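Q: Listed in order, the protein sequences are those of chains A and B.
Note that our numbering numbers the first sequence so that position 135 is 135, with each residue one more than the last.
Note that our numbering numbers the second sequence so that position 429 is 624, with each residue one more than the last.
If you're looking for bench data, these hints aren't it; they were derived computationally from the structure.
All of these numbers come straight from a predicted model, not from anything done at the bench.
Using N, Cα and C, we set each Cβ at its ideal position, and we do this for glycine too.
Keep in mind that the hints are not guaranteed to be accurate.
On the chain B side, residues computed to face chain A include the following (Cβ under 7 Å) [stated by the list, open to error]:
1) Lys213
2) Tyr218
3) Pro219
4) Pro235
5) Leu275
6) Asp325
7) Gly340
8) Gly342
9) Cys354
10) Gly369
11) Pro372
12) Ala479
13) Asn490
14) Phe629
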Amino acid sequence: MSKEKFITLKSTAVPLSIENIDTDQIIPARFLKATTREGFGENLFRDWRYTQHETPKTDFVLNDPTYSGKILVAGKNFGCGSSREHAAWSIYDYGFRVVISSFFADIFKNNALNNALLPVQVSDEFLKNIFEFVERNPETQITVDLSQQKVVLEDGTSESFDINPYKKTCLMNGYDDIDYLLSLRDEIKYFELAH
Amino acid sequence: MQQPKTLFDKIWDAHIVKNSEGYPDALYIDRHFIHEVTSPQAFDGLRKRGIKVFNPSRTTATADHNVPTKDQHLPIKEALSRHQVETLRKNCPEFGIELYDLGHPYQGIVHIIGPELGLTLPGMTIVCGDSHTSTHGAFGNIAFGIGTSEVEQVLATQCVLQYRPKTMLIEINGTLPKGVVAKDIILYIISKLSASGATGYFVEYAGDAIRSLSMEARMTICNMSIEMGARGGLIAPDETTFKYIKGRKFAPQGETYHRLVEQWRQLKSDEGATYDEFVKFDAADIAPMITYGTNPGMGIKVTDRIPTLNELKNISEQTSFSKSLDYMGLEPGAAILGKLIDYVFIGSCTNARIEDLRLVASMVKGKQKASNVEVWVVPGSKQVENQAREEGLDKIFEAAGFQLRQPGCSACLGMNEDKIPAGKYCISTSNRNFEGRQGPKSRTFLASPLSAAAAAITGKVTDVRELVDSF
């Protein structure tokens, strides 16, 4: 089934300079009870966004009107922990289309790629630059160009990023893995018989 | 001559259905486990596409994450949890999948029931929408956690699309010191490699210290592979493995069993096989471990002090480290030994098998829990619960003031009724000490069942070696 296509994105960014952000922080387990994929955005970073009495914490970046945009910039080892795809769904549902970090956990990365959310891995130094840029000027625009595999900052500095060619094609065309696997059904049946 | 191969590569290669240039491998999956949390959207996907499950006999379902651990015969109180379990009850028969529901003699935590039912076997590929699927690797197979989109792939085609991860060999030789059990070994490894140190890798555990472990202890080790970022961890099968499998409900029986054992004996890495990474530890260096922070890499020997900011390897870690200690209400450089605790949780897919419960019982027999703590013992499955009762462990727990509950994920993840209250300290045999993992604002110390039992008796973080001379 087709998903939203991703080609290039120019946007302001939200900085979250914490390392090892695990999927329990992205979406706590008690909010995993829905049986659909929609609506998880309101509980994104729930326990960092709200106090126990459900009032917004003003010192958390998502509650800070200074910052907005479709790009989330986070510290290294983003998305570690549980395999819950709800983490990718909640980030997407909130409105982000890109997460930039210097390191991603494997399962999160796969889940993001399967949901039209682009994980962009940059060097530690470049990540530091991005944080400085965004914190100095929250209006600064960052360009994420998937076709060129490049992140470009407003002063023209840029860094390229890796993505495997298959996933790149999927994202740029809105394809998903099941379409491809379903095309192999006969081969799978044959394999199963011989296995 | 053929290039020497790792066990991981042998199993992976034997399951490739299609390997095309520029595409990830289409990998055939022998065994698929599902539970109520990560499957509903996958079934919905099948409905939207109008397709059936490719091979329903290769998928097994159970309810574990949302279930209460008391009064399981009554309807689940919380509406959303109940709805999720009911959705599984509707989806499984509709798509022809076997479900071990609440009250069924085979129900339990998904990673506990697979091995105990003989569904988990050497040489297989195993997936589940759950990161602790790595547990099954203890039997010498490739087992890893997947997301819901991938659950849908497996249901639709019995395959997942995956890129081959790199391989890492972790070898541990020597004799384990007293008071050290499997949980300490893995907490020690993660403390050395960090919470992201094995990301991108699939780990093989080897060495005589690993060989000497029981199957249940090996499962504890493989279970936490994901906590250092590894997709999974495996241990080559041996006589211990074959003996464990023999006679289990769905394991091959009679002649088939013997024939398969001969095949399984070949499941080992070749002499001279190369790994992308190799790490070696001495068992003698390991001690009873405990975590002090909010990721499983933040672990120390129970007698050590919490690091100071200056002792961190990277300056960039300082902010996250301070945030973490702040959350835990702990000071850099402080001792952790003697820290008062409020709860003890013995359970989870890491440590809720019968050997774990026996270990706890051996420690608490004839003793009483401290008055400041509440102790929950949650068996990993109905079979474990029944076995514990048969052996009279329930009487020992009862006499000590512990609650023996019914099987489920319980306080490991704060999704069901069992939650640690805000600000309270829990010494837990589970696998994650993330902020709020055991309930909003809860504070977790990860440790072995032995250390948890010792803390239950003293009411504080305790060096188990001081409590019992015989260990």
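Q: Gly369 of chain B was flagged as interface toward chain A. Is the shortest Cβ-Cβ separation under 7 Å?
A: violated (30 Å)
Q: Is the shortest C-beta separation between Tyr218 of chain B and chain A less than 7 Å?
A: holds (5 Å)
Q: Could you check if Lys213 of chain B really has its C-beta closer than 7 Å to a C-beta on chain A?
A: Nearest chain A Cβ about 6 Å off; hint holds.
Q: Please check whether Leu275 of chain B passes as an interface residue: C-beta within 7 Å of a C-beta belonging to chain A.
A: Result: holds, 4 Å to nearest chain A Cβ.
Q: Under 7 Å is the threshold here; is the Cβ of Gly342 of chain B close enough to any Cβ of chain A for the hint to stand?
A: Nearest chain A Cβ about 4 Å off; hint holds.
Q: Can Cys354 of chain B be said to touch chain A, with a Cβ gap under 7 Å?
A: Check passed: Cβ of Cys354 of chain B comes within 6 Å of chain A, closer than 7 Å.
Q: Quick check on Pro372 of chain B please, does its C-beta sit within 7 Å of some C-beta on chain A?
A: violated (30 Å)
Q: Is the hint on Pro235 of chain B kept, meaning its closest Cβ partner in chain A is under 7 Å away?
A: holds (4 Å)
Q: Using the nearest Cβ pair, does Gly340 of chain B come within less than 7 Å of chain A?
A: holds (4 Å)
Q: A closest beta-carbon separation below 7 Å is what the hint needs, so does Asp325 of chain B meet it against chain A?
A: holds (6 Å)
Q: Holds or violated: is there a CB of chain A closer than 7 Å to the CB of Phe629 of chain B?
A: Status holds, d = 4 Å.
Q: Tell me if the interface restraint on Ala479 of chain B is satisfied: Cβ within less than 7 Å of some Cβ in chain A.
A: violated (30 Å)
When each numbered hint is compared with the structure, violations occur for hints 10, 11, 12.
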